[in-house]
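A.B. asks: What follows is each chain in one-letter form.
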Amino acid sequence: EAQVTQNPRYLITVTGKKLTVTCSQNMNHEYMSWYRQDPGLGLRQIYYSMNVEVTDKGDVPEGYKVSRKEKRNFPLILESPSPNQTSLYFCASSLGAPASVAGAFFGQGTRLTVV
Amino acid sequence: QKEVEQNSGPLSVPEGAIASLNCTYSDRGSQSFFWYRQYSGKSPELIMFIYSNGDKEDGRFTAQLNKASQYVSLLIRDSQPSDSATYLCAVGFTGGGNKLTFGTGTQLKVEL
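One line per chain: the protein sequences are A and B, in this order. Take any residue in the first sequence, count from 1 to its spot, add 363: that is its number in this note's numbering. Take any residue in the second sequence, count from 1 to its spot, add 5: that is its number in this note's numbering.
Hints may contain errors.
Said to hold, decoys possible - Below, a list of computed lysine-lysine pairs in the DSS-like style, where the Cα atoms sit at most 30 Å apart: (1) A:420 / A:380; (2) B:61 / A:434; (3) B:47 / A:428; (4) A:420 / B:47; (5) A:420 / B:72; (6) B:114 / B:72; (7) B:47 / A:380; (8) B:47 / A:432; (9) B:114 / A:381.
Stated by the list, open to error - The following residues of chain A were derived to be distant from chain B, with all beta-carbon distances above 10 Å: (10) 365; (11) 375; (12) 383; (13) 396; (14) 404; (15) 423; (16) 434; (17) 443.
None of these hints come from the bench; they were simulated from the model. It should be emphasised that the depicted structure is a prediction, and the values quoted were computed from it without experimental measurement. We treat Cβ as the ideally placed atom computed from N, Cα and C, and that holds for glycine.
Use the sequences and the hints to build the structure in full.
C.D. replies: Structure representation (structure tokens):
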């Protein structure tokens, strides 16, 4: 089954404790991205990757890191989480850049709470 | 700042009626337009995309695009309670990372 898998689905952590949210896709997609979704603000792109070892900032990259060492994986790293990073996070992938192909496929989401 | 605007709703329609969801966008260079459906607590799911002016139909769904007016809409015919969800409009910009910019979504409620 074609899918984008995120882990964990739910996470409560404390301020400053480094965490990683994993994302893996099995569709051989080149383009992957991370979004956060907040009430009233919609989905905002954090980082994206056009291919292995190619990553770039989205609209709200502050406080986040990513890496793309393999085509299928695109982890999101919060080196020192803060309460304003409490949000619902989605990983997405697409065959090519999503504006040029039929949109993007989303993972199930990770609800992160930073206390 | 590229913007995508949607009325947050909720939009309430009776079962069997036509639901009309609207979206406007600010960048005239936008080239691709998408509608996603998102159930509460779930991930967005692509339901329609359109690239050219006019209408595109897929089952009960019709996407309409008017680039001159910078307006895209989604019509849902014969609305069902299972259509109750938030509908996200996304606009694609092929420059600057070739990414999608999302609206904040319109909540649709289909009532029995």
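A.B. asks: Checking the smallest CB distance to chain B, is residue 404 (chain A) really beyond 10 Å?
C.D. replies: Label violated. Min Cβ-Cβ 7 Å, cutoff 10 Å.
A.B. asks: Mind checking the alpha carbons of residue 420 (chain A) and residue 47 (chain B) for me, to see if they're no more than 30 Å apart?
C.D. replies: Cα-Cα ~25 Å, so holds.
A.B. asks: With 10 Å as the threshold, tell me whether residue 365 (chain A) passes as away from chain B on beta-carbon distances.
C.D. replies: holds, 13 Å
A.B. asks: Does residue 383 (chain A) clear chain B by more than 10 Å, comparing its Cβ with all Cβ atoms of that chain?
C.D. replies: Non-interface label on residue 383 (chain A) holds, nearest chain B Cβ at 20 Å vs cutoff 10 Å.
A.B. asks: Taking 30 Å as the top limit, are the C-alpha atoms of residue 47 (chain B) and residue 428 (chain A) close enough?
C.D. replies: Answer holds: residue 47 (chain B) to residue 428 (chain A) is near 24 Å, not above 30 Å.
A.B. asks: Given the proposed pairing of residue 114 (chain B) with residue 381 (chain A), does the C-alpha separation stay at or below 30 Å?
C.D. replies: Violated, at roughly 40 Å.
A.B. asks: Are the Cα atoms of residue 61 (chain B) and residue 434 (chain A) separated by 30 Å or less?
C.D. replies: violated, 33 Å
A.B. asks: With d taken as the least Cβ-Cβ distance between residue 443 (chain A) and chain B, does d exceed 10 Å?
C.D. replies: Label holds. Min Cβ-Cβ 26 Å, cutoff 10 Å.
A.B. asks: Can we confirm that no CB of chain B comes within 10 Å of the CB of residue 375 (chain A)?
C.D. replies: holds, 17 Å
A.B. asks: Would the hint linking residue 47 (chain B) and residue 380 (chain A) be met if the CA-CA limit is 30 Å?
C.D. replies: It holds: about 27 Å lies between the C-alpha atoms, which stays within 30 Å.
A.B. asks: Confirm or reject the statement that residue 396 (chain A) sits farther than 10 Å, beta carbon to beta carbon, from all of chain B.
C.D. replies: The assertion about residue 396 (chain A) is violated, with a minimum of 7 Å to chain B.
A.B. asks: Taking 30 Å as the top limit, are the C-alpha atoms of residue 420 (chain A) and residue 72 (chain B) close enough?
C.D. replies: holds, 28 Å
In terms of the numbered hints stated before, the structure departs from hints 2, 9, 13 and 14, listed from lowest to highest.
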